[in-house]
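Undergrad: In the order they appear, the protein sequences are chains A and B. Take the first sequence: its letter number 26 is residue 26 in this note's numbering, and every next letter is one higher. Take the second sequence: its letter number 423 is residue 1423 in this note's numbering, and every next letter is one higher.
No lab work stands behind these hints: they were computed from the structure. All residues carry an ideal CB built from backbone N, CA and C; glycine is no exception. Hints are supplied without guarantee of correctness; some may be wrong.
Said to hold, decoys possible - Which chain B residues stay away from chain A? Per the calculated CB distances, all over 12 Å, these: (1) 1025; (2) 1055; (3) 1115; (4) 1119; (5) 1126; (6) 1146; (7) 1157; (8) 1172; (9) 1276; (10) 1288; (11) 1308; (12) 1309; (13) 1337; (14) 1346; (15) 1445; (16) 1463.
Stated by the list, open to error - To be clear about the criterion: a stretch of chain B counts as covered by chain A if any three or more of its residues have a C-beta under 8 Å from a C-beta of chain A, and this derived list gives those stretches: (17) 1234–1242; (18) 1269–1275; (19) 1373–1381; (20) 1412–1418.
Take a look at the letters that make up each chain.
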Amino acid sequence: MAYALVALGFVLALNAAGAVNFAHGDLVVLGGAAAVFIGAWLGLPSILLLPIVALAIGIVGIVAARVAILPLANRPPEATFVATIALAAIIEQSLTIAMAGAPRTAPSLAGSGSFEIAGLVVGRQPLAIVVVGALLVAAVWFLLEHTQIGRRMRAVAADRHMARAVGIPVARYVVLSLALSGALAGIAGFLLGHQFLVAPTQGAGHMLKAYIAVALGGWGSVPGALLGALGIGIFETFVSAGFGDAWASAALYIAVLAVLALRPQGLFGEPVGRRA
Amino acid sequence: MRPSSFWLIVLVLPPVMALTVLPPFGQRMVTLAGIYGLMGLGYQLVFGQLGALNLAQGALFGLGAYAAALTAPVLGPFALIAAIVAAALPAALVAGPLLRLQSHYFALATLALASLVNLAAVHAESLTGGANGLAGFATALPRGPVLLVMVWVCLIAGVLLYAWLFEGTLGKKAHLLRDAPLLAAAHGIDAAAWRFTAFVAGAALAGLAGACSAALSGVVSPDVTGFSVMVLCLTLVVLGGARHPMGAVLGAVLAVGLPELLRELQGAWLLAYAVATLAVVLWAPEGLAGLIDRLRGARRPPPVPPGLPDIVPPVPGAQRLTVDGVSKSFGGVQALADVSLLVDRGEIVGLIGPNGSGKTTLLNVISGLDHADEGAIALDDHRVEGLPAHRVARAGIGRTFQALELAGDTRSADLARAVATGAAFLLLDEPAAGIGDGERRALEAFLAKVRDSGRGVLIVDHDIELLSRVCDRLVCLDRGRAIAAGRPAEVRADARVRASFLGLDGVAA
Chain A
1 MAYALVALGF VLALNAAGAV NFAHGDLVVL GGAAAVFIGA WLGLPSILLL PIVALAIGIV
61 GIVAARVAIL PLANRPPEAT FVATIALAAI IEQSLTIAMA GAPRTAPSLA GSGSFEIAGL
121 VVGRQPLAIV VVGALLVAAV WFLLEHTQIG RRMRAVAADR HMARAVGIPV ARYVVLSLAL
181 SGALAGIAGF LLGHQFLVAP TQGAGHMLKA YIAVALGGWG SVPGALLGAL GIGIFETFVS
241 AGFGDAWASA ALYIAVLAVL ALRPQGLFGE PVGRRA
Chain B
1001 MRPSSFWLIV LVLPPVMALT VLPPFGQRMV TLAGIYGLMG LGYQLVFGQL GALNLAQGAL
1061 FGLGAYAAAL TAPVLGPFAL IAAIVAAALP AALVAGPLLR LQSHYFALAT LALASLVNLA
1121 AVHAESLTGG ANGLAGFATA LPRGPVLLVM VWVCLIAGVL LYAWLFEGTL GKKAHLLRDA
1181 PLLAAAHGID AAAWRFTAFV AGAALAGLAG ACSAALSGVV SPDVTGFSVM VLCLTLVVLG
1241 GARHPMGAVL GAVLAVGLPE LLRELQGAWL LAYAVATLAV VLWAPEGLAG LIDRLRGARR
1301 PPPVPPGLPD IVPPVPGAQR LTVDGVSKSF GGVQALADVS LLVDRGEIVG LIGPNGSGKT
1361 TLLNVISGLD HADEGAIALD DHRVEGLPAH RVARAGIGRT FQALELAGDT RSADLARAVA
1421 TGAAFLLLDE PAAGIGDGER RALEAFLAKV RDSGRGVLIV DHDIELLSRV CDRLVCLDRG
1481 RAIAAGRPAE VRADARVRAS FLGLDGVAA
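Isolated chain B (complex conformation) (with noise of 0.2 Å):
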């Protein structure tokens, strides 16, 4: 979204009071505030917009401080640009092995990382100073109002380029590559060199800020690289917004201005921002930026996805579609043993399971996608279990497909499409996976006009308290076979249902 001229009053006003009527004190504090913007806009890009949460972003940070402060007696303001680099060079050289990883295993490396600068920060007492760490050097770097100055308009044309970018197209990338990474590669983006610059960027600037940070202060100790300094800077984007333009800034001003706020709290301000985090992560996920722009009014409501065909007219064709017998192995993994079951126009039946019991092979089967090793598949008499996919599709069974790697439009789009295609009975394959409750409901109220349209309907999902609303019947899969099927209040009281899933075997805890 275009930065409305509301933020960009917000956006200014600091470093003009601070320039025109707040004592150096005063200046002082907004320059801090500038400085935790620049850090805190960085992290947007990792943890706002890749999604990952980086716990390195403190030690990154810090590692800009460290080489501001030596660098600044020979190379005197150009040390900021080497803290610039001494930031981005190391993230761009870990950044391949580490964007692998998966998120949880992604903190603990950039944990690691960080733990490892601090560590160094306060043995490596020859160039660090260790504990006392290191001092005397700021003469040489931009100081007071110069140094306000320049934090500003680093950080106004920070948040201005970040606004910018993130509007159009790049935004909706970052969405996608969020949300569906699958489905991103298939449109084409490249993953791998987006999230690299993402974090190379993110590291440069928590460097630059690092460098500020020292030129203000004038010492720097390894407390910088510590972790507290992280978690100020998570919690500070997440209170301000997490990918909202003005989110970080917003933090940083709350960070700074809190504790001034509050001081007959004294101590107790941390406390009230880690409290405040808390209550914005449960009932804000967007951010108090967010928030602010919603109490405005000023946000565009969400588009309405394109939506659910209001009306499901009727379709000729078969009457009842039956599986009978159907087994399939891949390798030596038997995936359907011996299952057999029917659904007749006006149904909907219910398929569930433990995770790999074989109810989305068993949906590939009768729609053509595998083909069964033994069995029949059936609409009525008319033998499916050999045709192609398309003719399968052709016969009268329409499918969709796990949507995980599906945005919620593009599941909606895809659910309208098979019942468009006018086929009389649907595979649905979890069609309410990680979507919100009003879709929910939305999505139940669609499976009843199916229903009542006198389609037959096949689903498999996790959601057991959906399907056993909706489903005239459940049927249960465990390693390959119908252990269960009938009303879904029985299926769901069967014993052999829970014992098949409760003696889960081989997986710890």
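Looking at chain A on its own, in the form it has when it is part of the complex (with noise of 0.2 Å):
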């Protein structure tokens, strides 16, 4: 579920800048190491932390579109790629020098142990990962779908051009998605940084992953990212069962090269043009 989050982020900025943010990755670990700064620091209780992390990401998000993305809209998709890269290795050079280096544990949402539901035994903290997530999916669906809000941002997304011409103000949308973008990872953070550690160099494996579901789950369609990351959560968790983690990984990049060399336009093919 928290692959969902990230891959929901991940494919909001993707349609709102028109290119991958290989920062992405960054500022899920971001999430998870704010979540582990403020926490430390302010001593709150979980539940008043998840919005402070989310709202830190997401000035975060809003800067990335000022620096990396808005001044290279008129510039091929491959200037921003290099910028949001650049901004990546700036995060994790950040955090690498902040955090000396150590992997450290986010704190837990719910408290932690298990209880049994109908004979199932049951984590604490899974549970919360499913259930703020769907929320946070929900929410996002909700958006998107039936606010005016949501609707200018799909607007933005699918032709930013004409946006423009019926008096949208592109560049607030595109700020405003990717902060929307970054408070979704950095909740994603906060959730994963509990269960696995906060290790500054995990950005670009996060980034991966988002960006195999979303090419999975056909480029830009934000129910086919949610799909394509909850079947990478699965296929990992079935894989590395059997066969070990190592294989797991190898499985899903030989995977998505299989896919990508039988369907080069992607699995699904392209609902509107390029969109690079």
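Since each chain comes alone in its own frame, lean on the hints to assemble the complex.
TA: Take a look at the structure:
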């Protein structure tokens, strides 16, 4: 479910920016790190910490939009790729310095331990992740489908020239999308940061999984990205249970390569022209 | 461009200094810079010249390093050749399917391949030594000053060859291929062969660089296949200049030199390097080498495109273009439904609408490239809807084409040609797509002259701001229907225009 949040944020940024945000994985890590540091500093209960982390990484998303995405809107997508890769390196190196290289654990959301429902043992943290994840996905869906803001965000994603033509302040909606994307990444980082450690070098891995989810689910499609992310999660769980983590990752990469080799235009094709 | 004596001196200076005045530690640094330079030079072929974001260059570097480490005990110095093959061969095998992919899928596929190589390096312990890596092979490989000389001779030769190759027609071809693949094909350039060659040559250089780095450090661990090598390679090429012959060398020297200069900052040098890269992407896209050229005044100013004529003479002919109730469908899809509009002499009419709303189809139907199923098109009283395209043109309707595939100067030439035909009415398809601000202003001024000459213009473009400034009226199409027409401000404020666009169904977010 946390993958779904990562992929959801990734696809929002992708559609708004018209290019892959290679720093997205590092925003996730930054979310975990923010949870560690702000949690230790303020000593707040996790449930209050969550919106603070979301806000903080949302602001980082705004900075990313202003620095690395909007100024390059008229250049080829590769320019945005490189700018966001540089941004990713900046975040990673800053975190390496701040954390002195030692991985940390983020506070848990719902306390540790587990309980039984109908004979199944359910960990509190995984359950909390699923609940928070589902709530956020539902909230984003509602925003995109049923509010004026969401429709405008979709309009900007579909055709920014037309959006500008009908008077939508495109830059503002790109920034807004990146803020939302950052907030989702931050929350995902917080949730993942308790189960797995937070280490500065994880960013590329998160980014790659979101990238794969979006490529498999249909480039630019929000439901596709969610399905892709859930699929990856389930796939990894089963393969790694059977053959170990390394084989799970390897099988995933090979699967992606096979898909790209057989269907160079993506698994489901692309709905509207090219949106690299 | 031919490397100037300035750059030749810069190129030769590091190895000469290393051999004459620097201590062994300094020699080591210069060797390392040379190695990064080789990797970067290979990357320039793919990223700079093909414009493809290859994220596997680091992995290819790692393949070279492992191949050298594994074969050195048997092959001795010839292990370097084995390393080149070990990188170039897999690259050649995957190049076919890989190079067909669009930019974002290409980046993903290369990233997945690189991750596979990294996984193999960590987990195939019997072959690679796992996380501990391999050691104790370096005695069989060139070392010390010999390695330094070898690396820099290869690098200097590579840079000179690169400069020589891309100075002339090949550089122009590469440029055309990057920016206008279809036009390149029309000029008889074999894109597939050229992309394959560049990709494999880039891989070979990465393999050689990897082998030399193994020889230099004496150990090979999975780190050499990691993403950080890739990021270093990308940033050094971007920082130095992705296409400039000296770009990789300059970036590599900085990558090795900066940490020494910024020693007090310790770990922060990578941070500084990343910040510098971002700054270069934003403000000096041609890289530091290009920037230095500009400051030295060495680079010739970009050639002035043949440009647009200064004077647009008036032309005789019909006074009004009428489109009345035109419909057109392709298969079952209604591309145009009952579209009517007028263009008078001395008037610019802009055509807007979402992608696929029928704008280009309308221009095609008016200019006779397609024929309407229903409706009339007339110049004054002279009906033209049944005429073939060349007769429509002779009757007084000039046409430019969607210029996505044309470079800037070709585009101006297309526009100038359409005006020179003496047509009283011009149909312009996306004349402003992909041009810079300066060209955009020139285009605006030119359109005003065309209007003042008494020609009528029907123009399609995505740049709504430009259209609002130059057009007297706008017509908005939505799914083949004209849903609004009037002064630009009115059309942009029209509720139907906004709704047609915002209600765009079937497009997820």
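Undergrad: Can you list which hints this structure breaks, lowest number first?
TA: 2, 3, 4, 9, 16, 19, 20
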